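Q: One letter stands for each residue in the lines below.
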Amino acid sequence: MSEFKPLDPLLHSQLRLAVMSLLISVEEAEFTFLKEKTESTAGNLSVQLDKLEKAGYIGIEKSFRGKRPLTTCRILPEGLKAFEDYVETLRKYIE
Amino acid sequence: MEKELSSKESLELITQMISKAKKEAAGDGSFHLLLWGWVVAVCNFGHYALEKIGYEHPYIVWLLIIPATGISIWNSIRTRNRARVKTHLDEMLAGIWISVFVGMLIILGFMSSLSFHQNPVILILAGVGVISTGVLIRVKLVRNCGMLLMMGAVIAFLLPVIDQYLVAGIAMILGYLVPGYYLKTTYRERV
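Here the protein sequences come in this chain order: A and B.
Those letters in the first sequence? Residues 138 to 232, by my numbering.
Those letters in the second sequence? Residues -1 to 189, by my numbering.
The shape of chain A in the complex, shown without the other chains:
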């Protein structure tokens, strides 16, 4: 029997973890920024952001800059807690 706590499956995915790691460092970030830094497609990123939003990990705000639609994401307290727990569990795995 392992004493290790399982890693949060929602965060233990390459793209979702990449997004959360980017958002942890900033106050808020635009969709285009996340897409560029994670080198993902718009479709895949949208799906993963939606999953994180439904879990209450991130907040997504849709607005306009001029005539262009603007999607802004920010990490929520629940997401911050989940990320910290994930890193702590990861640390125990590595030790």
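I should point out that these hints are in silico values taken from the structure, not numbers from a laboratory.
From a predicted model like this one, the values you see are computed outputs, not experimental measurements.
We put the beta carbon where it would ideally sit given N, CA and C, even for glycine.
Don't take each hint at face value.
[Stated by the list, open to error] Okay, derived cross-link-like pairs now, BS3-like style, lysine-lysine, Cα gap no bigger than 25 Å in a straight line: (1) A/Lys142 to B/Lys6; (2) A/Lys218 to B/Lys182; (3) A/Lys172 to B/Lys138; (4) B/Lys84 to A/Lys199; (5) B/Lys18 to A/Lys188; (6) A/Lys191 to B/Lys84.
[As the list claims (entries may be wrong)] Cβ pair distances, simulated, as ranges: (7) B/Gly93 to A/Ala192: 31 to 37 Å; (8) A/Ala192 to B/Gln14: 19 to 25 Å; (9) A/Glu225 to B/Thr183: 50 to 56 Å; (10) A/Glu173 to B/His115: 49 to 55 Å.
[Stated by the list, open to error] Coverage of chain B stretches by chain A, computed from C-beta distances (three or more under 8 Å per stretch; other residues unrestricted): (11) 15 to 21; (12) 72 to 83.
Go by the hints and put chain B onto chain A.
A: This is chain B only, laid out in the frame that chain A set:
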């Protein structure tokens, strides 16, 4: 991109993404230091020179502050609108510098109450802004240049009002232009 990660890969990914976010948020932050450094230094030296040659209205040079304020506000709005990320550091720096600017405006509004010894007080406020910036962005040279502004304030308090303009001009070169050009050339990472 839904790939199963090992613990090591997860940690590497987290580190890599945090580093990418830092780089995006960094910016060199030199624009305002250079703009205000040049404008205020020129105004101080101009006022000093005009008064020395006996010109009746030496304070006329300070009108340069008006377009500089416009350029400064325009640049801040443009940078803010173009930024794809917002950081806590940006918010803190903006808060500090807006407070410093408002403080300077209050001092300028009560120049006569200070018997026109406003320059040393303004240097103290500028010093607070530059030192805080240096501490927040973790660049020792910027912090030390802020200390020079404080020293300039002490020296200026010991001198007659006319000579305070000369000291303030030199202090602006050392306290604003030196860190401004340093940040511009080194483009330090922040956060």
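Q: What hints, given by number in increasing order, does this structure fail?
A: 2, 3, 9
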